[in-house]
Amino acid sequence: MQEKTHYPTKNGTRALEVIREITFSTDPADFYYMDVNVPCQGACPAYTNIPAYIRCLFEERYSRSYELNRIANVLPGVLGRICSRPCEAKCRHGEPELGQPVNICHIKRAASDFKEAGHIYMEQLFAPLGKKVAIIGSGPAGLAAAHDLSTIGVSVTLFEAFEEPGGMLRYGIPEFRLPRDILKAEIDSILRLGVTLKTGVRVGQDLAMEDILADYDAALLAAGCYKPLKLEIPGEELPGVYTGLDFMIQVTSGRPPHVDKRVLVIGAGFTVFDCARSALRLGAEDVSICLRRTEEDLTVTEDEVFDTKREGVKIKSLMLSRRIIGNGQVEGVEFVRTRPGEIMPNGKRSITPIGGSEFILPADMVIVATGQRPEPLDFPGERDKDGVLVAEKETFRTSEPNLYVTGDYLTGPSTVIEAIARGRAAAEKIAEELTGQKFREKAVRLEETKITDRLRSWDFIPRQEMPFISPIEKRFSTPNTEVEIGYSHEQAKEECKRCYLCYLHYEIDMSRCIYCRYCIDVAPRDCIKMVRAVETNEMGAITGFVETQQWRNVNAIMIDNTRCIRCGECVRVCPVDCISVTRVELVERMLPREKAS
Amino acid sequence: MTEEHFVIIGNGPAGNQAAVTLREKVPEARVTMIDKESTGCYKPNLLPEYVVGKVSEDKLYISPLDFYKAKGIKLRLGQKVIDVNFKGKEITLDHKEVIRFSGLILALGGRPRIPEPLHPFEDLMFTLKTIADARRWIQELGKVESVLIIGGDLTSFAVAKALLHLGKKVSFILDEDAFWPVRYNKEIYEQAAHQLTQKGVKVLACRKLKGVLRRSEHSLQVQVDDRKIEVGMVGAFFGLVPDVKFLTRSGLQIERGVLVDEYLNTGFEGVYAAGDCAEIYHPEIRDYWVSIGYDNAVNLGRIAALNMAGGKVQADVEPESIFFVKDIRANISWWMEF
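Protein sequences appear in the order of chains A and B. Quick note, the first sequence lines up with residues 1464 to 2060 if you use the working numbering. Quick note, the second sequence lines up with residues 801 to 1138 if you use the working numbering.
It is possible that part of the hints are untrue.
[Stated by the list, open to error] Straight-line C-alpha distance at most 30 Å; calculated DSS-like pairs for lysine-lysine:
1. B:854 x B:1010
2. A:1937 x B:854
3. B:843 x B:999
4. B:854 x A:1553
5. B:843 x A:1553
6. B:854 x B:999
7. A:1992 x B:889
8. A:1553 x B:880
9. B:880 x A:1772
Keep in mind that the hints were calculated from the coordinates and are not lab data. All figures in this text were calculated on a predicted structure; none of them were measured in a lab.
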């Protein structure tokens, strides 16, 4: 297709018309290419167009940078603070000889911080459909589903059991990590689409699901995981023993429990770190996180671990709780040492308790934060042995007509970005089933472009660290103040420079290549290869190269985009200008109604 | 048949001993020792005495460079390993060279540990692990009269002793975190404080060290609880952390050291760890343990090499000498020495 940009003159006549050739592809091979070659976007459950928003921020188009996030993940200001950052683990800049990954999450926050105060975000809206959907739970999955269904033209009512919307974002994450005004602003920007919010309503108790199903065309359960897992060891019922979830809900509701001097927090997820840091702010003097495995096996971000330690929390590894000790009040925990073993199919490392290595750590409070699961609900439809409503993971359908399930209630505890992605997918599926139409589709957008203005020296810019409140004591005197201050404009720009912009695809036109090998000589990595053959998969996508050093066997000189760091040197030296650059982006397209299948 | 190539990462006492042992046991194999530092192998335990002039620099070194040439041990100094593929048996160096190995001993040693709450003041604290560190101490000691030592690790006591010899005013804050791998308790604290006080060191009580500020070119202000202490310089001695950051994605099991079994094997075939970086479960103290100190490092380097060469030698995790008397089961021999 052709995209036209008109530049009108003062009197309104057309002075200039720029025509760009843009192709949209839904070929599986192109989706495969995106997954492999733009690893950050492929790793994001919501497929956020990361290189594009980083480039926009670099160009000081802050509002557009925010919008590019908002299109995919609906809560950029929130995620810019608390995302689990699967993208950074895949960032090409973090490959062994290339340094450290780009601080993608901090740049996301910068987009949120720097966008214009009066920024107008234009939602792409379909006409009303005359359908009503009830969503139970206003956490990230419920909010994302409410947003997408509203834009499709569905009338949405959001039921929330707590007094305020946000779910775990509001009640599970402390304010010093996620300021409430940021959360509220982004929730409001979803509600303004016409979503009716009903708080303090516990569906199943205050309102029967059968009544909802009678009043609405469909219902989506996005109630999260609010049943804490227990250690199932003696002493767990002693006063002074809390679950991580109960502790955090009390803290974030403004009714924190009394915290004594010594606190042990058992578990390994983000909640553990939130509990430990909150306990310090509530006056604890000696707080330790007790891990069954090691720090290396933690899934929380490295920054979070470091910041927690910086506040004075100790992290103790290779210990498994055996019993909680106390006489009318918790006094300590008996642990046994563990030996780490192989990585199991679920990605976690196996551990074996070491007999005879028992030891006791004294404690005045024990917080057990080993996870949550969905609550059993008295809803129609098939339920598992624990009373949890069962649904299909792909279609979100339950056995009850028009009743769907998504988010953590469907999958078990996950991350905020995963919950958002599932909420959006469920919304699409419900809309499709209610109308028989598809409203959006993913496509790969290809547009020829020029090499970037990136300099090779930018590859050596050190990772810009997030500034935080200093001195540390200030964190405890004003316990709700956000610890991370946010990048300055200069820092954000420096960090943006570090991104290789992997959405640029470099390709040699073999019909024009003269095999001079200049490109190979200037390549900073082994990214340009003399190739005898290419390997492809069943989709027709290139998966590898059969290299050769013998000229008589060379059939092509090819750029391996999985190794390319998009420095552009090859383009600069090519004497016959046979290397093209294409910007390839995984985008979401609104499907016109008349063409909807 | 492919020639065996044993690689040792780390040119400290453990690595050095491992190389020598391998050369003796497997004369036909290639032995390569890689270290990011450019200096030859030295005895870190002599650094405090070097700082105060009791030992000359040439006495620090274990063997002259010619020794390695004569033994057929290839030394690659000043070269930094940035990645290890344990399954593929490949090492990647900073300059992108890839080295294949048939056996590998990690003798990475450690770098001085600064607890995270003190990181903002890191630049104002002196550590003592390398000869370069020692030179900085020598330079600074010429300008100041008083030194505050924070910590309590092996080196800290030797430094305090050396500074007294130099006539400096020495004060000491004993920090429980510094005693790792020893399990800290009141008895250990009192023992250590008693030994220090007897020698003329002022032991300061401290619940929380809040910060260090530079007051002038030769004066620092240390905020301890609600007090402010003026000193010439501050030494930080919180033990070592293994230098294994570059291995975190490699699949190696790492806690505070590289976790190994009683034969010092890391879990990967033909890959061992020795010295300060090897962490082993110690059945006697029923806990994980890192054997610190020069003699232990040499011993572990030897054992790792023997096992690499086909032996089945168990690491002697509890030599009598490292344990204190009576019922305190911990490595506190350096206090006795002090």
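Failing hints, ascending?
Structure breaks hints 1, 2, 4, 5.
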